[in-house]
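**Q** Here are the chains, one letter per residue:
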Amino acid sequence: MEVPPEGKRSILSWIEDRVNLTEIVSFLSVFGLLPTELDSRKPLREALREALRQPLPSYARWPRVLGILAFILFVFLAISGIMLAFYYQPTAGEAYASATSIARDVSFGNLVNQVHRWAAAAFLVILAWRVLRFFFAGLYGRSREVIWMVAVVTFVVATFSDLSGRLLPWDSSGYWTTIRAREVTDALPFIGPFFTFLVGGRGLDSLVLTRFYVLHIVVFPVLLLMLFYVHFSSVRRVGMSRVDAAPASRSFRVALYDVLLLLIFLVGALMTLAVLRPHPFDVVADPLTTPPDARPPWYLLAPHALQQSLPSIVPPFLRGIFLEVIFGVVLFLPFIDRTGGTGPKRRLILGLGIAACVFWLALTWAGWHMEVSR
Amino acid sequence: MSRARWLLAVAAAGMTWLAAPATAPAQATDSTKAVAPARDAAADSTRAAAPAPEAPATTHRAAAKALRIIPAADLASAAPGTMCGVCHSDIRVEFDRGIHHTERIGCASCHGGDPNATTVEAAHRGGFRGVPRRRDIPTLCASCHSDVARMRGYNLPSDQYALYQTSRHGQLLAKGDEHVAVCTDCHGAHEIRPPDDPKSSVFARNIPTTCGRCHGDLALMRRYGIKQDVAADYKLGVHGKAFLEGGNSAAPECTRCHGSHGATPPGIGDVEKVCGQCHGTVRSYFLAGPHKAGMDKADEPECAACHDHHKTKPATVAMLDTVCLECHDQGSKEVKLAATFKTMAVEASDRIDGAERLVEEAARIPLYVDDYKSRLTDARTALLEAYPVMHALDAAQVEPHTRRARSIAEQVSKEIHDKIAERRWRIAGLGLFWFYLLVTAGIILRARRRAAAAAEGRS
Numbered sequence: 001m002e003v004p005p006e007g008k009r010s011i012l013s014w015i016e017d018r019v020n021l022t023e024i025v026s027f028l029s030v031f032g033l034l035p036t037e038l039d040s041r042k043p044l045r046e047a048l049r050e051a052l053r054q055p056l057p058s059y060a061r062w063p064r065v066l067g068i069l070a071f072i073l074f075v076f077l078a079i080s081g082i083m084l085a086f087y088y089q090p091t092a093g094e095a096y097a098s099a100t101s102i103a104r105d106v107s108f109g110n111l112v113n114q115v116h117r118w119a120a121a122a123f124l125v126i127l128a129w130r131v132l133r134f135f136f137a138g139l140y141g142r143s144r145e146v147i148w149m150v151a152v153v154t155f156v157v158a159t160f161s162d163l164s165g166r167l168l169p170w171d172s173s174g175y176w177t178t179i180r181a182r183e184v185t186d187a188l189p190f191i192g193p194f195f196t197f198l199v200g201g202r203g204l205d206s207l208v209l210t211r212f213y214v215l216h217i218v219v220f221p222v223l224l225l226m227l228f229y230v231h232f233s234s235v236r237r238v239g240m241s242r243v244d245a246a247p248a249s250r251s252f253r254v255a256l257y258d259v260l261l262l263l264i265f266l267v268g269a270l271m272t273l274a275v276l277r278p279h280p281f282d283v284v285a286d287p288l289t290t291p292p293d294a295r296p297p298w299y300l301l302a303p304h305a306l307q308q309s310l311p312s313i314v315p316p317f318l319r320g321i322f323l324e325v326i327f328g329v330v331l332f333l334p335f336i337d338r339t340g341g342t343g344p345k346r347r348l349i350l351g352l353g354i355a356a357c358v359f360w361l362a363l364t365w366a367g368w369h370m371e372v373s374r
Numbered sequence: 001m002s003r004a005r006w007l008l009a010v011a012a013a014g015m016t017w018l019a020a021p022a023t024a025p026a027q028a029t030d031s032t033k034a035v036a037p038a039r040d041a042a043a044d045s046t047r048a049a050a051p052a053p054e055a056p057a058t059t060h061r062a063a064a065k066a067l068r069i070i071p072a073a074d075l076a077s078a079a080p081g082t083m084c085g086v087c088h089s090d091i092r093v094e095f096d097r098g099i100h101h102t103e104r105i106g107c108a109s110c111h112g113g114d115p116n117a118t119t120v121e122a123a124h125r126g127g128f129r130g131v132p133r134r135r136d137i138p139t140l141c142a143s144c145h146s147d148v149a150r151m152r153g154y155n156l157p158s159d160q161y162a163l164y165q166t167s168r169h170g171q172l173l174a175k176g177d178e179h180v181a182v183c184t185d186c187h188g189a190h191e192i193r194p195p196d197d198p199k200s201s202v203f204a205r206n207i208p209t210t211c212g213r214c215h216g217d218l219a220l221m222r223r224y225g226i227k228q229d230v231a232a233d234y235k236l237g238v239h240g241k242a243f244l245e246g247g248n249s250a251a252p253e254c255t256r257c258h259g260s261h262g263a264t265p266p267g268i269g270d271v272e273k274v275c276g277q278c279h280g281t282v283r284s285y286f287l288a289g290p291h292k293a294g295m296d297k298a299d300e301p302e303c304a305a306c307h308d309h310h311k312t313k314p315a316t317v318a319m320l321d322t323v324c325l326e327c328h329d330q331g332s333k334e335v336k337l338a339a340t341f342k343t344m345a346v347e348a349s350d351r352i353d354g355a356e357r358l359v360e361e362a363a364r365i366p367l368y369v370d371d372y373k374s375r376l377t378d379a380r381t382a383l384l385e386a387y388p389v390m391h392a393l394d395a396a397q398v399e400p401h402t403r404r405a406r407s408i409a410e411q412v413s414k415e416i417h418d419k420i421a422e423r424r425w426r427i428a429g430l431g432l433f434w435f436y437l438l439v440t441a442g443i444i445l446r447a448r449r450r451a452a453a454a455a456e457g458r459s
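Quick note, the sequences are listed as chains A and B, same order.
At position 73 of the first sequence (counting the first as 1) the number is 73 in this note's numbering, and the numbers step up by one without a gap.
At position 83 of the second sequence (counting the first as 1) the number is 83 in this note's numbering, and the numbers step up by one without a gap.
Calculated directly from the structure, the hints in this document are not laboratory data.
Just so we're clear, the structure is a prediction, and the values are computed from it rather than from any experiment.
Per the computed footprint, the stretches of chain B lying under chain A, defined by three or more beta-carbons under 8 Å from a beta-carbon of chain A, are:
| no. | segment |
| --- | --- |
| 1 | 429 to 436 |
| 2 | 446 to 454 |
Computed spacing ranges between beta-carbons, pair by pair:
| no. | chain 1 | residue 1 | chain 2 | residue 2 | range |
| --- | --- | --- | --- | --- | --- |
| 3 | B | G442 | A | V125 | 25 to 35 Å |
| 4 | B | P314 | A | E324 | 50 to 60 Å |
| 5 | A | A362 | B | D378 | 48 to 58 Å |
| 6 | B | G442 | A | L132 | 28 to 38 Å |
Glycine is no exception: its CB is placed at the ideal position from the N, C-alpha and C atoms.
Using the sequences and the hints, build the whole thing.
**A** In structure tokens, the structure reads:
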């Protein structure tokens, strides 16, 4: 990073005479890749050098990397998703043929496909993990309410995004997983009818497939991007978690190298999973034959079990109200639990949280083993 | 043109019906008896002449009378026994459902008497036969059904009576045994429906039940030395299951093997001919092999000796373990040949099963499997071809078929294995990729350490 000698002008400075590069690069701070906005009055190199030299209290140190990890995974998903979209055809007649063709005929098609699937799975796990970490580390107190709520909403939007993606190959398991998942969402008052309206009906036909596709590649990604934006800007405003606890010894340059290392191991892990544990393609979806192992996706197993185990006297549209109440409690936790992650009542809150997690896991187990009666 | 003529014919037929009651002189005095036939006649005329415009019955009757279009004598012979049903109403209800009613063959055709008479005495006079005796029934039916000229109009065969006389039923009847089946036992007496009517007792699907009415009656069968309930056996055999449960109309019911009117059990030497009607390929190999002569000599019923009759066993390779031992000794060259056949078939079948599992696995990767699937269908066909050939009892003839089946399956398995093995290179590629990643990580780690040291120095 040496300043070029006077008189020998670089391409960079040629561009900088015409475009404010610093301002453009400064945009990266929106997604957590830079600690602060750059001083857009200075040339890019100088502004960067200043920013990279800034000491960072505890930036990008384990386990405070879940947000950036999720964002990197989101970028992976976007890139691999765009590649898949070049070949995919979102109609019931063509979906299966085009999806299998991507995996079979297109060069590295299956690798991209499998990376997309594994990245999606990892994305959800990391987002869920992040919410759990925020809770158990008490990171939802004063001034971090928005970060908490955004984390919860990001997870929910990500599950919807995952759900809409599962239908796209139009194979038997994806189709029936979606059917089961929609049984859960249809039971939600207010949200269920809205979702039904959004995808154009209760059935699963070609039109619904196209709408799922549009939701999957445009609506949900844009929502996620907006949520990431809000998250990182809020983080820059209120600071990293427990700023006071970490020594200010590292520069941002070091943190950036850490992120690079993380990226490398993430790529390695995804590639390994994609090659060694590829998701198999099921047979083409047949709306007339329900496979015996049709279940909702893992994140909906617990709501599924909850709804199915309610006595039949509860009307169908009210079966989902419990789920909405739970969602409401989780979303507005910072306002319900005014202890702010500290204080004498902290033990009680933690105990309740652990009990809720155990209950949720038990319901998930029950949902997996549940014989769906119809 | 033809439509107009048809309409005319239908109208004329309707007129005949309408005019018929008018020929009975006493009907005007007896109101109930007069009204009933007129109503029936009107109903019949609408049924027969549905497309023709409806007209008041009285007008037609009056017109027919006044114009004397149709002579009274013709009316009497053409009209079925319209008056019989007044007393025999239950029989008439049955009769009206039958084909003879549709074709206007009246009561008097079989029973004699005067169908138009209005008193019991008059009706039962003049050649009245009453209920025909059982031994007379075949001759009675034959009086029309053996008449070539009469049957021609209906495109019906006229040899049923001749066939019947050759049948076991007919032969015993000729000897005076009235327990055997006569025409009415299978076809019914009054409600005789054509064989293509699903409600008919001689409709293909109903034949096992119809034959079973007598042949399932062991008390009756004991008279003829038959101890087996063949009807029940048939329902348990492959043919019965395929025909009655599987809905396979190519599977035989009773008459396809035994004949219908000429029903008789095939002789020992004729079994292969009967079975060979459908199982032609098997028959040709059977005739080429040593079993035909040997079985005929030993008085064994050819196909049925191994496969059974009525309760026909499904032809599987498992049969080869047991069925040969019924005649041949354990350890004999015949039993060894059977074991060879079984080994050949089972080996080929196992290879095909294995290849099919591989194809399923490959489809989930996904790989192109359409070609493999069609080749395995070929393999199955080749194996299927081996089974008829086994009846020639020559391993050298069977071997090419099973070998073909096996080699196709092996080839498909090998190709899929090769394709899956190609995927192992991806694992090698993954190793290479990790090497590259680790080298990059090492470089970054070094740069990071430098940056950390620089930051330390600054602070």
